[in-house]
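With these hints in hand, go ahead and build the complete structure from the sequences.
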Amino acid sequence: MQHTPKYKLNLIDPSDEFSADPLNANATALETQLLAREAAEAALGTRLDALAADVGVHGKNCRIATGSYTGTGRYGPGNPNSLSFDFCPVCVLIGGTANTTSDWPAALLRPCPVSSCTGDTMHVQWQDKSVSWYGTNYEDSQLNSGNVTFYYVAFGYDSEN
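Position one of the sequence shown corresponds to residue 0 (numbering that gives the first Met the number 0), numbered consecutively onward.
No false leads were slipped in.
So the derived label-pair ranges between C-beta atoms look like this: (1) ARG73 <-> ALA41: 56 to 62 Å; (2) GLU37 <-> GLN124: 53 to 59 Å; (3) SER81 <-> LEU34: 54 to 60 Å; (4) LEU10 <-> GLY66: 56 to 62 Å; (5) PRO112 <-> ARG36: 52 to 58 Å; (6) LEU34 <-> GLN124: 57 to 63 Å.
What the hints contain is simulated information worked out from the structure, not anything from laboratory work. This one's a predicted model, so the numbers in the text were calculated from it and none came from an experiment. Each residue gets a CB set at the ideal place from its N, CA and C atoms; glycine is no exception.
Structural data, given as structure tokens:
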């Protein structure tokens with residue numbers, strides 16, 4: 000008697016004397032594997048159901064956005080930087096690529112009205128789906144050095160508005 004390569008099910012050769020035993024062994028092996036698969040799928044389904052129940056509680060699914068902007072070299076209350084999203088941001092992390100103090104990462108955290116980068120204060124304003132900020136000392140303190148690429152990652156939740 001031969002066996003299938005993967006599941007080792009019995010293969011009856013034409014020269015084998017007929018017996019129900021190899022067929023019953025195949026049926027038992029298949030039944031055992033199918034029951035194990037059903038149990039695994041049920042357990043996974045239970046875990047996915049539990050996860051789905053936790054996601055979006057009160058309509059606030061976690062959202063993430065990444066991107067970049069190029070600094071303009073301007074700073075101050077008349078020249079704020081701003082980022083807009085299709086969700087309500089609660090944490091925005093920003094860092095530059097100039098190998099200067101403008102590389103220092105900044106963390107903007109809702110609802111804090113100030114943040115610090117390069118040791119200077121940035122004034123932060125939060126809107127429903129955006130954040131804006133400015134520094135008063137120089138362009139580096141606002142993460143807006145001219146022609147420097149700045150990268151950001153924002154975390155938030157689905158806005159109710």
